[in-house]
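A.B. asks: Below are the chains, spelled out letter by letter.
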Amino acid sequence: MPTQIAPPKQAGADRKELDQVVIRFAGDSGDGMQLTGERFTSATAFFGNDLATQPDFPAEIRAPAGTIPGVSAFQIQFSDHDILTPGDDPSVLVAMNPAALKAHLRELLVGGLLIVNSDAFDKRNLDKVGYDANPLEDDSLKSYQVYDIPMTSMTLEAVKGVGLGKKDAGRCKNMFALGVISWMYGRPLEPTIDWLEKKFTSKPQLAEANVKALKTGHAFGETAELTAFEVKPATIAPGIYRRITGNQAIAYGLLAASVQSKLPLFLGSYPITPASDILHELSRHKNFGVRTIQAEDEIAAAGMALGAAFSGHLGVTTTSGPGLDLKSETLGLAIALELPMIVVDIQRGGPSTGLPTKTEQSDLLHAMYGRHGEAPLPIVASYSPASCFWAAVEAARLAIKYMTPVILLSDGYIANGAEPWRITALGKLPDISRDFTTHPNMGEDFWPYLRDDITLSRPWAIPGTPGLEHRIGGLEKADGTGNIDYEPENHQYMSELRAAKIKAIEEDIDPLEWRGDEDASVLILGWGGTYGAIGAACRSLRQSGKKIAHAHIRHLSPFPKNTEEVLRRFDKVIVPELNMGQLSKLIRAEFLIDAQSITKMQGQPFRSNELEQMILERM
Amino acid sequence: MTDPIAEAAQGRGVTEASGGVGTLTRKDFESDQEIRWCPGCGDYAVLSAVQNVMPELGIPREKIVFVSGIGCSSRFPYYMNTYGLHGIHGRAAAIATGIATARPDLQVWVVTGDGDGLSIGGNHLIHALRRNVNLKILLFNNQIYGLTKGQYSPTSEEGKVTKSTPFGSLERPFNPVSIALGAEATFVARTIDVERKHLPQILRAAAAHRGSAFIEIYQNCNIFNDGAFIALTGKERSQNRIYIEHGQPIRFGPNNEHGVVATSAGQLEIVDVAEVGEDKLLVHDAHRADPGLAFSLSRLADGPISPTPLGIFRQVDAPAYGDGMESQLRAAAERQGPGNLEKLLMSGDTWTVE
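Here the protein sequences come in this chain order: S and B.
In case it helps, this note's numbering puts the first sequence at residues 730 to 1348.
In case it helps, this note's numbering puts the second sequence at residues 2 to 355.
There's no promise every hint is true.
Unchecked claim - No farther apart than 27 Å at their CA atoms in a straight line, the calculated lysine-lysine pairs in the DSS-like style are these:
{"no.": "1", "chain 1": "B", "residue 1": "K344", "chain 2": "S", "residue 2": "K928"}
{"no.": "2", "chain 1": "S", "residue 1": "K927", "chain 2": "B", "residue 2": "K344"}
{"no.": "3", "chain 1": "B", "residue 1": "K344", "chain 2": "S", "residue 2": "K991"}
{"no.": "4", "chain 1": "S", "residue 1": "K852", "chain 2": "S", "residue 2": "K831"}
{"no.": "5", "chain 1": "S", "residue 1": "K932", "chain 2": "S", "residue 2": "K889"}
{"no.": "6", "chain 1": "S", "residue 1": "K1290", "chain 2": "S", "residue 2": "K1276"}
{"no.": "7", "chain 1": "S", "residue 1": "K871", "chain 2": "S", "residue 2": "K852"}
{"no.": "8", "chain 1": "S", "residue 1": "K895", "chain 2": "S", "residue 2": "K932"}
{"no.": "9", "chain 1": "S", "residue 1": "K871", "chain 2": "S", "residue 2": "K896"}
{"no.": "10", "chain 1": "S", "residue 1": "K1157", "chain 2": "B", "residue 2": "K236"}
{"no.": "11", "chain 1": "S", "residue 1": "K1314", "chain 2": "S", "residue 2": "K1301"}
{"no.": "12", "chain 1": "S", "residue 1": "K896", "chain 2": "S", "residue 2": "K928"}
It is worth saying that the hints were derived from the structure and are not from the lab.
Using the sequences and the hints given, assemble the complete structure.
C.D. replies: Written as C-alpha cells, this is what we have:
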C-alpha cells in the first residue's frame, strides 16, 4: 500500500546538511549486508531522497568466513537532487570485519567516514586477510574519520533477554549497524520495524531481537553523539513509486507484454547467473497463466520457447553469455521459421565462465552476428533498472509484429542494480496484440509465408486452427508457400527478404535522441548500462563549461533511422563501452564515421569521474 | 487477459474443430509434398502405418502436430497433412516439450532417429521421458547415419565398419528401450517397420497413452545398413521374435517352444518350455510400477541379432507434465485471483510523492 512517512523529528541533533551521500555496506557473506542495504534503501525511499543502489556479491556461494572472496557489499547513493548512478567511491564505508575493510578501504574517499565493527577485529580475522597489526590500533586509518563500535557485543547485550542462542543473537548485528547509520542520516526506523515484524511473523523471538538491535544501534548513535547529517528530500515528480531491480523489471515487463499481447507467457530457462532471478520471479506469477520450465539445458530452454511460440504463446528464454552461445542454433531456426521469440541476455564478463557475477557489455557483436548464415534479428537494449520494463515490452512488440526472434540485452549491473520507479508514469501500455490467422489466405489454401506488404511479416496460424494445417522447418523455403526450395535465385531472394524485414523495423522505432549543448562538437554515444555514468560525466563536464552531448542507443538492430544524421551533427563521436569497442566497430562499419572508443574490461561499471577524465582526454 | 488458461487451451481465435472427424481417411493425412526417401527405405512403411492409424484416433487433423529434428526420418512432418515443425538436429523433444506444455489440447508426435534422438539429442530425449511430457516419440532405429551418408551411430554394433570407422567401431551401442526405461518412461515399446499388424497396434496404444510414449522402430536402411534386422525380418524371424503381451506368459519360437523365466538371481533367461514347465514362465506385467523387470526384459538380447522382445515393455499411468502445469495455473488463479498487472506493479513497498 502506498504510504507517506514524515521525516522523523531528530530532537537535539544538530545535523550537518549534505546534498548527496554514497554509503557502502560491506561484510562477510553471512553478515546480511544485502539485506541491511535494502532496508536502508527502503527507508531512504520513504524519506523522499532520490537514490540508486548496486550490490556487489561474491561468485562463491559461501566462501570461507572472514576471507576477502567472501566479502559482500551493497552501495547506495542518495541525494536531494536527481542522480543517475549508485555513485563512484563511497564517502561512508561500513566494514563489518577486517576482510571487508581490506577489500573496500582503497575506494573510500580520503576524509571519508569509516564505521567498523571492532569486535570482529580479533587476531584470527586479522590473520586471515594478512593484517600484521590491527589497523584500528595503528595510524593506518588516520586519513579517515573512524568510528569503531563493538557492534557484536553491544548487540548480544541488547538482545540478551529475548532468549536466542548466541549465534542467532550475534546475527542481529547487521540491524545494530543499520540502526547506527539510520540515526546518523536521519532515516526513519518504522519501515524496517514493520518489515521485520512481517518477515518474522512465525518467529516472534527473531523479530523482537532484530528490532531491539536496530533500536539499540539507533540509540547508540544518539547517545555517543556521532556526527549527524541531513540529506533533504529531493524534488521528485509526484506519483507512486517503488524500488525495482533490472531483473524484476524484465519479469514485470514480460508479464505486461503477455497481458498487452493477449498471449500466455511461456518461459523456458536454465539457471545461470545473473539471469536466474527472472526465472524465479516469473515462476511466482502462475495466476497470470505463466508457464515456466526449468529446462535440462540452455538449448532445450530455447527450443521449448520456440515450440511454445509455434503454438501461439509468447515464447521467452532468459540467459547470460554462455547460454547465448548455446541458443544460437535455435535462434537461427526461429529466424527461418519466422516465429516470435524473445531471448533475454543478461551480459556478464567473459569469455567462457569468465566473471559470472560481474558486469560487461561484450555480447553485442554476438547478438548481432553470432549465428551461422545470414541471420539478422532485432536487438533491444535496456539502459537502467527501470528501463528493463520498457525493453521487455518493446522486444515483445517487435517479435510479435514482425514474426521474428528478438534479443534483449541487459547486463549484470542493471540486473542487480535498483532505482525508484514511478509506476504511475507508465500510463497506458501499448496494445501489442495481433490476430492469429484463422482462414485460408490463398484461395482455398493457406500459405504460411504469404507476407504483409508493409511489415513483411508472415501470418501466424497456430495448431488447432482447422484448415490451416501446414509444415514449417529450417530448410530454405520458397516465399509464399513455404515449400522447400533449394534454387540458387530463391536463396538470394529469401536472404535479402529476411534482411529487408528486419531493416524495415527502423520505420517503427523511436528516433535516436540526444541531449546536451546545441553547439556541442562532441557526442558521447552509449548503449546499455553505461547510461547513468555517461549522463553523470556529461552533466559534470557541462557544469565545468565543456560543450558536449549524449545520445544513448536503445535499438541496436536495426539502428534508429536518424542515427547517421545525429552522429554527423558532431565533429567527434566518442563511444564508451564495457567491452573492447563493439558498438564503435558497428558505427564505423555502418556509417564510415570515425568513432573513438573508450573501453573498460574490469567487470565493473564505469565510474562517472573516471569516465569524465577519459572523455576529457579525447576531447 | 480474462482467463489465460482457457484461452491457451482453446487457442485464441480458433474456431470449433472441423466437422466430421469420423469421416477422415488416410488420404486426409497425406500432404501434397513429394516424398524424398530412397526407394526401398523402411521409412515408407512407417509413414504409411501412421497415415493409416491417424483416422482411427478420432482426433481432428488440426489438433495433431508432428515435430522432428534432423536426419532421414525427420523429413516425416513434411509428408503429414497436419501441423508440423522440422526443427534442428537433436532438439525435437525440446521443441515438442514447449508445444505440448503450452497446449495440452494437442496431440504431439516426435519423429526422431538413433543419431538425432540418442546422440546429439540424447539429453532432451531422456528429460522429456523423465518429465512424462505428453509426447508420442517414434525413434526410427536403423543403426546408421543415413543423411550424412553412412557413419556409425550410437546404436551401431561394436566393430561396425563404416566410413568413419574403417577399422571397426570401438563403441558399445545403446539399447534405446533400456535407455527409455532407465529414464522411467511411462510407455515403452518396440516394433519393426515391416510389421504391418504389430506396428499399427503399438501406434494405437501409444496414441491412447497420456504422457510420454516411446516407441523404438527397427527400420531398415537399405542403402547404408541393409539387413541390420534380418534376424527379425528374414527366414529366422520366428526363432527370434519374442512378442510380449501384458498378462501373457512370455514364450516364442516357431512352435512356442521357448520361453522366458526369472532366475533366483533376478535375471531373465531364455529356456525351453518343455524343460522348465509352462507354469515357470514369466508372465509379462507391463503395468508394474517398478521398471526393473521391464529393464531386464530389454537386456534379454544384446542387439537385434538374437531372440528380441517386441511389444509394450511398460505402460503405467502417471500425471503428464503439461497437465500438472495446467493444474498449478488453475490453482494459482483460484488462490490469488487472475493476474492483475496494476496490482502487481503496485505490490511491495511503494511510496507516494505529492
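A.B. asks: Tell me, in ascending order, the numbers of any earlier hints that this structure violates.
C.D. replies: Numbers 9, 10 - these are the hints that the structure violates, sorted from lowest upward.
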